[in-house]
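Novice: Read top to bottom, the protein sequences are chains X and F.
Position 122 (the first sequence) corresponds to 122 in the working numbering; numbering is contiguous.
Position 302 (the second sequence) corresponds to 302 in the working numbering; numbering is contiguous.
Just so you know, the hints here were simulated from the structure itself, not pulled from any lab data.
There may be inaccurate statements among the hints.
Some chain F residues near chain X, calculated using beta-carbon distances under 8 Å [unchecked claim]:
1) T30
2) Q72
3) G138
4) A239
5) L290
With the C-beta cut set under 7 Å, the calculated list includes, among others, these residues of chain X facing chain F [said to hold, decoys possible]:
6) L11
7) V93
8) I94
9) I97
10) L136
11) L164
12) A166
13) F218
14) F260
15) I263
16) L264
Computed footprint of chain X on chain F, listed as stretches where at least three residues anywhere in the stretch have a Cβ under 8 Å from a Cβ of chain X [what the hints assert, rightly or not]:
17) 2-15
18) 147-158
19) 262-274
Everything numeric in this text was worked out from a predicted model, so none of it was measured.
Heads up, the beta-carbon is just placed ideally off N, CA and C, and yes, glycines get one too.
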Amino acid sequence: MKKTTRLWNELCRKPGTLWSLVFILVVCLGGYLAPLISPYAPGGLDEQRILQGPGWSHWLGTDGLGRDLLTRILYGARVSITVGIGTAIIALVIGTIYGLISGYTGGALDHLFMRIVDVWYGLPDLLIFILLSLVLGRNIGGVLIALGLVTWVRFARITRGQVLQAKEFIYVEGARAIGASHVRIIVRHILPNIMAPILVTLTFSVPAAILAESTLSFIGLGINDPYSAWGTSWGTLAQDGWRAMRTYPHIIFFPAAAIFLTILTFNFLGNGLRDLLDPKGK
Amino acid sequence: MARFLLRRLLHGLAVLGVVVTLTFVLLHMTPGGPFDRERRLPPEVLANIAAKYHLDESWSKQYVRYLKGVIQGDLGPSYKYLDRNVSDIVADTFPVSALLGILALAFALAFSFPVGLCAAYYHNSWTDRSCLLLATLGISLPHFILGALLIWLFSLQLGWFQAGRWENLSSMVLPTITLGAAPAAYLSYLLRSTLLETLGEDFIRTARAKGLKEITVLFKHALNNSLIPTLTVLGPLAAALITGSFVVEYIFAIPGMGRFFITAVTDRDYPLIMGVTLVYTVLLVCANLLVDLLYSFVDPRIKSH
Numbered sequence: 001m002k003k004t005t006r007l008w009n010e011l012c013r014k015p016g017t018l019w020s021l022v023f024i025l026v027v028c029l030g031g032y033l034a035p036l037i038s039p040y041a042p043g044g045l046d047e048q049r050i051l052q053g054p055g056w057s058h059w060l061g062t063d064g065l066g067r068d069l070l071t072r073i074l075y076g077a078r079v080s081i082t083v084g085i086g087t088a089i090i091a092l093v094i095g096t097i098y099g100l101i102s103g104y105t106g107g108a109l110d111h112l113f114m115r116i117v118d119v120w121y122g123l124p125d126l127l128i129f130i131l132l133s134l135v136l137g138r139n140i141g142g143v144l145i146a147l148g149l150v151t152w153v154r155f156a157r158i159t160r161g162q163v164l165q166a167k168e169f170i171y172v173e174g175a176r177a178i179g180a181s182h183v184r185i186i187v188r189h190i191l192p193n194i195m196a197p198i199l200v201t202l203t204f205s206v207p208a209a210i211l212a213e214s215t216l217s218f219i220g221l222g223i224n225d226p227y228s229a230w231g232t233s234w235g236t237l238a239q240d241g242w243r244a245m246r247t248y249p250h251i252i253f254f255p256a257a258a259i260f261l262t263i264l265t266f267n268f269l270g271n272g273l274r275d276l277l278d279p280k281g282k
Numbered sequence: 001m002a003r004f005l006l007r008r009l010l011h012g013l014a015v016l017g018v019v020v021t022l023t024f025v026l027l028h029m030t031p032g033g034p035f036d037r038e039r040r041l042p043p044e045v046l047a048n049i050a051a052k053y054h055l056d057e058s059w060s061k062q063y064v065r066y067l068k069g070v071i072q073g074d075l076g077p078s079y080k081y082l083d084r085n086v087s088d089i090v091a092d093t094f095p096v097s098a099l100l101g102i103l104a105l106a107f108a109l110a111f112s113f114p115v116g117l118c119a120a121y122y123h124n125s126w127t128d129r130s131c132l133l134l135a136t137l138g139i140s141l142p143h144f145i146l147g148a149l150l151i152w153l154f155s156l157q158l159g160w161f162q163a164g165r166w167e168n169l170s171s172m173v174l175p176t177i178t179l180g181a182a183p184a185a186y187l188s189y190l191l192r193s194t195l196l197e198t199l200g201e202d203f204i205r206t207a208r209a210k211g212l213k214e215i216t217v218l219f220k221h222a223l224n225n226s227l228i229p230t231l232t233v234l235g236p237l238a239a240a241l242i243t244g245s246f247v248v249e250y251i252f253a254i255p256g257m258g259r260f261f262i263t264a265v266t267d268r269d270y271p272l273i274m275g276v277t278l279v280y281t282v283l284l285v286c287a288n289l290l291v292d293l294l295y296s297f298v299d300p301r302i303k304s305h
């Protein structure tokens with residue numbers, strides 16, 4: 001508890017990081033509460049108001065089918081945020097468990113596990129991701145799992161490196177000496193001490209996932225769920241605008257700005273957290 | 001040294017093996033086939049097609065056949081382009097993608113060296129601060145947004161450059177910048193931090209103390225010693241350029257391999273997908289090997305590991 005308060009105090013001294021956090025919270029709220037905020041439905045056509053510029057009734061204008069752009073961006077936020085955070089969590093779980101086993105066991109198993117990670121790192125990840133999402137289905141769930149399966153190795157490497165160090169600490173040795181079980185040593189003594197770098201990696205993998213998903217949706221290989229009432233990916237929105245960029249640049253401008261600002265603030269947050277939690281790694 | 005290289009080579013081969021197998025398995029697990037149409041083809045026609053492409057054989061037989069072909073440099077037929085096989089398509093499109101990648105890398109290097117040097121030398125100045133900001137911007141700006149922005153500004157509004165296709169110098173400028181921007185930002189940032197570290201070392205103070213000109217200190221002593229960390233990222237950088245080239249080729253309608261990959265995925269042209277994936281993996285493996293080689297060449301301390 002005391003540690004959390006200290007962290008909060010330090011966070012408040014860094015306005016950039018704090019504002020990033022606020023911005024991200026606003027994006028999340030906007031996305032998940034979209035049905036309450038917007039008076040329009042995301043697929044609500046309005047043939048009277050096709051391709052309008054920003055104005056009072058449609059703040060960010062409308063697209064080629066008369067759909068309100070702000071509404072579509074809000075609904076898109078929950079797609080992007082869900083993909084970003086979901087991917088990061090899947091990668092975190094797989095990678096951390098893998099890294100823990102590898103680093104804690106050591107020896108031949110560690111060697112084998114790390115060779116596998118090396119090979120995985122050498123794969124062209126975007127291509128593998130595209131193929132995986134073909135198999136798993138091009139909906140949010142499929143894309144989420146596919147991205148997680150591609151990016152978990154980063155967590156595996158970091159966790160394993162940290163475990164190797166933490167294993168040698170005196171108190172771990174002490175715990176072992178008094179007969180603590182392996183699970184207890186890992187959960188009580190090692191994990192809390194390696195949380196900081198894992199948390200930083202987690203923060204950085206959210207924007208990376210958002211970037212990958214929106215890029216693939218833009219080139220037409222990402223989420224392909226046109227009838228989903230849940231929301232359309234920002235990448236797909238940008239693709240819609242891309243085709244009309246010459247005459248109606250606002251349709252691509254706003255989704256592009258949403259993608260860019262969200263990724264940017266997540267990266268700012270990651271930088272801030274890294275400086276806070278790991279002063280050495282600056 | 002020889003052992004080190006042999007190990008890296010084996011590692012590269014392992015990566016290739018995994019990619020071949022993984023793509024093969026994944027594509028055979030994918031629901032829907034290349035010859036599924038809105039109107040179903042008559043069963044006799046389907047049987048004929050299956051026989052022609054050996055799709056009626058068991059997976060293991062198809063896999064062995066594919067592996068044999070790959071070793072002999074034959075990537076199989078394309079399901080979509082009936083008059084050309086995958087190797088022809090790769091031979092046609094590869095030079096375009098390679099030129100784009102090389103131009104982007106050259107742009108990144110030409111941009112990052114002066115910027116990184118200035119930022120480190122004038123530490124904490126506005127140059128330095130904008131270099132830091134640039135690095136974060138660089139990794140946050142997706143290719144398709146930067147590309148769209150550049151096209152809108154320099155092509156649609158100002159009319160300076162051609163946007164699209166790959167014919168003359170004017171059409172190459174915007175794709176090169178789009179693909180090279182992120183590596184340029186990242187390299188500047190990296191060079192800045194390694195240079196900062198080097199500039200704080202004792203031998204720099206010695207060099208200055210003996211009265212060397214600042215320019216000699218900076219270029220001969222500091223820069224030389226900062227190159228090694230920069231070299232190590234060339235591997236991941238190659239990977240970034242490869243994945244980025246997909247999007248850039250798509251946006252600018254450049255007839256490169258990435259564009260063919262994208263259409264191959266929508267067409268379910270499995271041999272073409274596998275072929276292009278394989279070529280990209282070979283490139284990636286070669287880039288990593290090259291980095292390993294350069295690395296042990298530049299820094300003799302590495303050889304012992």
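Novice: So, for every hint listed, does it hold in this structure?
Specialist: Verification of the hints:
1. T30: With Cβ-Cβ at 5 Å, under 8 Å, it holds.
2. Q72: Interface hint status for Q72 (chain F): violated (23 Å vs cutoff 8 Å).
3. G138: violated (10 Å)
4. A239: Where the cut-off is 8 Å and the nearest Cβ of chain X is about 7 Å from A239 (chain F), the hint holds.
5. L290: This hint is violated: L290 (chain F) lies away from chain X, its Cβ roughly 13 Å from the closest one there, beyond 8 Å.
6. L11: violated (18 Å)
7. V93: Violated - the Cβ of V93 (chain X) stays beyond 7 Å from chain F, reaching only about 22 Å at its closest.
8. I94: With Cβ-Cβ at 17 Å, over 7 Å, it is violated.
9. I97: Violated: closest Cβ of chain F sits about 21 Å from I97 (chain X), beyond 7 Å.
10. L136: Violated: closest Cβ of chain F sits about 9 Å from L136 (chain X), beyond 7 Å.
11. L164: Result: violated, 17 Å to nearest chain F Cβ.
12. A166: violated (24 Å)
13. F218: Holds, about 5 Å.
14. F260: holds (6 Å)
15. I263: holds (4 Å)
16. L264: Hint holds; L264 (chain X) Cβ to chain F Cβ min 4 Å, cut 7 Å.
17. 2-15: holds (count 4)
18. 147-158: Three-residue rule met by the region 147-158 of chain F, so holds; n is 5.
19. 262-274: With 4 residues in contact (Cβ-Cβ under 8 Å with chain X), the coverage given for the region 262-274 of chain F holds.
Hints 2, 3, 5, 6, 7, 8, 9, 10, 11, 12, counting from the list given before, are not met by this structure.
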